Each structure stands twice: as structure tokens, then as C-alpha cells.
Amino acid sequence: MSTALIEKIKQQIKDLEVDTTPQEVGVVRSVGDGIAEIDGLSSAQMMEMVVFATTDGLSLQETLEQTDALYGLVLNLEEDVVKVVVLGETTRVKEGVRVMRTNRLLSIPVGEAIVGRVVDPLGTPIDGKGGIAMDKHMPIERVAYGVMERSGVNEPVHTGIKAIDSMIPIGRGQRELIIGDRQTGKTTIAIDTIINQKYEPKEKRPICIYVAIGQKRSKTASLMAKLEAAGAMEYTTIVATSASEASPLLFLAPFSGAAIGEYFMEQGRDVLVVFDDLSKHANAYRQMSLLLRRPPGREAYPGDIFYLHSRLLERSAKLSKELGGGSITALPIIETQEGDVSAYIPTNVISITDGQIFLDTDLFNKGIRPALDVGISVSRVGSSAQTKAMKKVAGKIRLELAQFRELEAFMQFASDLDEDTKKRIESGRKYVELLKQEQNNPIPFQKQVVAIYAANNGLFDDALVANTHKIELSFLEYMEREYTNVLSGIETGRELTDEIVEQLNKAIVGFKEAHAQFYVSDVV
Amino acid sequence: MQNAYAAAVIQLIKDGQDVDQVLRGLATILTARSHEKLFQSVLRIVLRTLETHQSNDRVVVASSEDAIALEQAIAALAKQGVTKKLPTIVDPNIIGGFVTETNGVRIDASYKQTLLTLYQTITT
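Chains A and B are the protein sequences, given in the same order.
First residue of the first sequence: 316, per my numbering; consecutive thereafter.
First residue of the second sequence: 11, per my numbering; consecutive thereafter.
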């Protein structure tokens, strides 16, 4: 044992004082379904942490063998009883167990070392990689920043998904909802966005936080493996609660994620938080509220279900320069049933967020993936959150797709249509093909700009619709090989200068000449 | 309603009123208000509450011969304004020192707690 350690222990023993501070104590009157009713604790505060003295009556050795202190959260202050949700194994709580106030509201320990780790909503690491050095405690519940403390959203978060970055751009500090039925690719969009941040320069790269609320452990484990394989865990923290955990922990998970995000935001850094998903969060809160005997409202949800999500999502912000200019971008996910976006929870969250990305099961089954319904997806921040380069090329694609959707109904009468309509339909089908993208394959924004510019300027003219994807891939390879300066110019300058435009036009012509095998028209 | 009656009775008893007198008063009021049927449930709540509060008040020491710990416990209680004698429980698990609990306030000056604090300080 080192001398330094011995000296440290000696000093700690010397400085040790017997603590005779009086602590307010209550007694568990009854416990069941994760809720403990406490007699006493008349001065307890709402959302205060309390600790159960489950080691009373045990020897010192037995106490040391018990791994963690058992905490509870005060959620109901009634006339003669305090109701506390147990944040852990309820089996450790018995009638007659003492409960002490901690005099602090629920908080999570946070530090730089939390990045790259998997933690539970109380900040305890669950990835088996040892303890985490913490810097400070961040309150889990907190009032959001006021209006004057914020600034406008004007910097993009690149998702790496062409359809989103071109037509539904997301900005740093925005809340963009991802909504759709089960198995439509909602989590994939969130994960691709996280992976795509590796293309951002390190000093501007957002810290990513993925909050898994009631997910299967196997799913969380496979997501973590995907992120590790893509090198994204370097800048990502996962807050995980599985489906088998108690509803209070599911309730706390997104707030813990927001608290971790605020720690980095207050240092002037950008953060991306994914809440997957808030439907399960609402269910957990409903379960907890019913057990606490709070009056049920519509669909048995408690009356403050809207406030639950609004106070969570309002914590996403773009701070003013005076406060460091950091931001939290939120990507909440909501699962609908049979495409019903007019249900209670979806409509609540739609009204809170700054836009939504709708994923449609029919489109998914038709092979259009990501299955974005561009017609009803929107970003209320819009082009303020786009680079100049993307703004220049994205306008035409939206118009083409809008016209294509109108003409889609006429496609079955293809032989009866005039030439112009047939050309528009074919052009629309090519744009649809262009916007298809493989899972976990985000594309850096400069390549997106190049691909869309080329599509707008005749790259796919005289080509079969079925060849669109092949042409796009070959063209991007061609650009990487022959026109690296163009890609890096767009990446650094973020706009399409005249010089870059000239080079792009030259590249399109050169590519078409060199790859004539792709160009056989199917328009009769 | 029975909770309100029970709370009033408990408050009167805690204020030092004679228990018999309070209970007779309760019976009179219940009859006057035609709430006789609540009498049993009110009594049940009062008894349970008083039992819980009574059983909470105590002094815990490691050994019945640890006079120093007992003296320290009495001094700590006196600082809180508690002068009445509390039941003493012997629990060797606290190793030494004392633990007092009264009126919903606990002072844990046991050696067990002190050693636990030291362990947590060293290991974190």
C-alpha cells in the first residue's frame, strides 16, 4: 500500500467528526407497487430525495455488503402521509423502516467522464466499465431558460439523411419530433443523426445523449454496439432504462438526459438529445400517477401529462452569446397506433415541438426508406438552419416532389398523358429514388449538396429510374476521386461559389461522358 | 371525515389534554352531528397514529453499560428541548455511540455510521 494512500487515510481519520446533526425522520407505514407511504417527514419538499435506512439493525459488515443506498422521491404531500416512489428494489423496504430527508432535490452527478458511458437515470454506470469521476450535481427537474436568455436557431444539425437535411432541416436548439408507427425507422433516423456527427469538426461536434425509455435491453445493447462500431460512442452518452424497471425510473430517464445536456450546454457546447420514446414515458407516468392515487383524466392519463412533456422539451434551447452560446437540440420520438396522429399524446407533443418528421408504414412497405412523408413533415425553423449551399439546391427538390405527389394519381393512366406530365412523373420518381438511403449510412452534407445539385442539373436525365441509386453512388465516388477540392470547398465554405458551380457543371458533363452505360432512357 | 376527527383528537392529546376527557368529548360531538358510526374508525386511526409515534421515540446504545453514550444521548436530546425519559434499546450492531429518535427527528452519532462515512469518503 503506498505511503501517500496511508497518509490520506490517516488525515481522513484525524479530520473525522461524529455527526450529531439532527435529521428529520419518518417511518414507512405501508409499501406496495413501488410506492411507500411515510408517517412523519412533515417538512419534506416536493421532488426531494429521501433515503431509506434499510441497514438499521444490520452489523457493519452486512451494511458494507449492501451495494447501494436506497433512495426515494417525494411525489405526494398529503395531509397525514407522504407518498414516496422507491427508486430501486421495493423488496428492500419494509413497514417500520426509517426514512431520512436528504434536503436536496433529485439530482444527477455529471462530469466530462460521463461521455462514452451508459448510465441509469440516477447516474450510476451500468456498462461495467467502472466508476465515473463526477464534477457536479445537476438538478433533474429545473425551470427552463427564459426568453431573454436565448438566441435564434441558425446553425444546422446535419442528420446525414438527404430527405431531412434538404427539406426538413433541423437547427441547433430546435425540438424536432420523429413520429410514426412501430417499425418505421424512427430510432434509425435518431441513430443515423448521432453517427453523422462524427463528420463534424471536433470543436463544433455536439455531445450526443440517447435516452432509452423502457426499451428492451437487447435493443439498447445492439444500439450501443452500432454506435461503437461507427466510432460514435466517443461523443455519446446513453441513459438506459429497460422495460422491466420500475415506472419511476422510466419517468426520470428523459429528465436525467436533459440534466446531463444542460451541464454541457452551460459550458458553451452543443448537445443533441434523443428521447426514445416519449409514448412509453407517458405510459410510465400514467402508471405512477394512478398508483399515487392522482385523479385520472382523459385516457386515464393524469391532468398534468401535457406539462410533463412541455417542461421537458422547453429545456432545449439555443443560449445567447452572453451565456456561452451552447444549445440542446431535442429529437423526441413518439410511436403512433395505426398512423393515428390525432391521438392524445401525439397531438400534445406535436403542439410542443418545432416541427415533426412523419414516417409512414405504407411508404416503408413500398421500399421508400427512410419512409418520410415529406408532404406533412415540417420544420418550423426551416432554412434558417440550413447552410447556404443546401439552401441553394433544396428548393427545387421540394417543388419537384410536391408536383410529383399531385400527379401520382394519374400514373396508372401513363399511356394517356402528355409528354410534359410523363417527364414530370419520371423526374419525381428519380427524386424519390435519390432520397432513398441505406440504414446506418449517413452522408456528409457536402456530398448531399453535390448529389442534389447534380440531380437538379441533369445528372439523371436520359437514365433509367432503376439506375438512379447506382448513378448517384458512382458520381459521388467520381467526385471524391477527381474533384476532392470541390467537396472540401463546400465542407469548409458551406456555400456554392461561382467557381464551385462551374466545377460541378464540368464534373456532371465529364461523368456522363465517361459512364454512358447508365444512360438509356425509358421514356417512350 | 374520520381523518379530520382523528387529527383533532391526536392534537388535543399531544397538547396534554386528559385522554378520557378528549374521548368523551369526541363521543358527544359525534352524537350531536349524527356521526356515531365514525367512532370506531376514528379510534382506530388515533390508536395507530399514537402507536407509531410512540414506538418511534427511543434511544439506541450498543451496550446497557455504556454510560458515556447514554449521557451524550441525554445531552443531545436536551439540546432539542426533550427532557422526558425515552425507552432505551440495546443494539450491539451500532458498535458504540448512540442513536436518538424523537418527535420525528433522528440523531445518529453511532460508531457504525461514523465508520460508514469514513469508508465512503475513502472509497469515492
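Hint data in this document are derived by calculation from the structure and do not stem from the laboratory.
Do not rely on the hints blindly, as some may be mistaken.
Incomplete in silico selection of chain B near chain A, CB under 10 angstroms [unchecked claim]:
1. Arg54
2. Ile78
3. Glu81
4. Gln82
5. Ile84
6. Asp118
Computed from a predicted model, the values in this text were never measured in an experiment.
Beta carbons: idealized from backbone N, C-alpha and C, even for Gly.
Tested hints:
Given the 10 angstroms rule on beta carbons, the hint for Arg54 of chain B is violated: about 13 angstroms separates it from the nearest Cβ of chain A. At its closest, the beta carbon of Ile78 of chain B sits 12 angstroms from a beta carbon of chain A; the interface hint therefore is violated under the 10 angstroms criterion. Because the beta carbon of Glu81 of chain B sits about 13 angstroms from the nearest beta carbon in chain A, more than 10 angstroms, this interface hint is broken. Annotation: interface hint on Gln82 of chain B holds; nearest CB of chain A at approximately 8 angstroms, less than 10 angstroms.
Taking 10 angstroms as the C-beta contact cut-off toward chain A, the hint placing Ile84 of chain B at the interface is violated, the least distance being around 13 angstroms. For Asp118 of chain B, the shortest C-beta to C-beta distance to chain A is roughly 7 angstroms, which falls under 10 angstroms, so the interface hint holds.
Of the numbered hints listed earlier, those contradicted by the structure are 1, 2, 3, 5.
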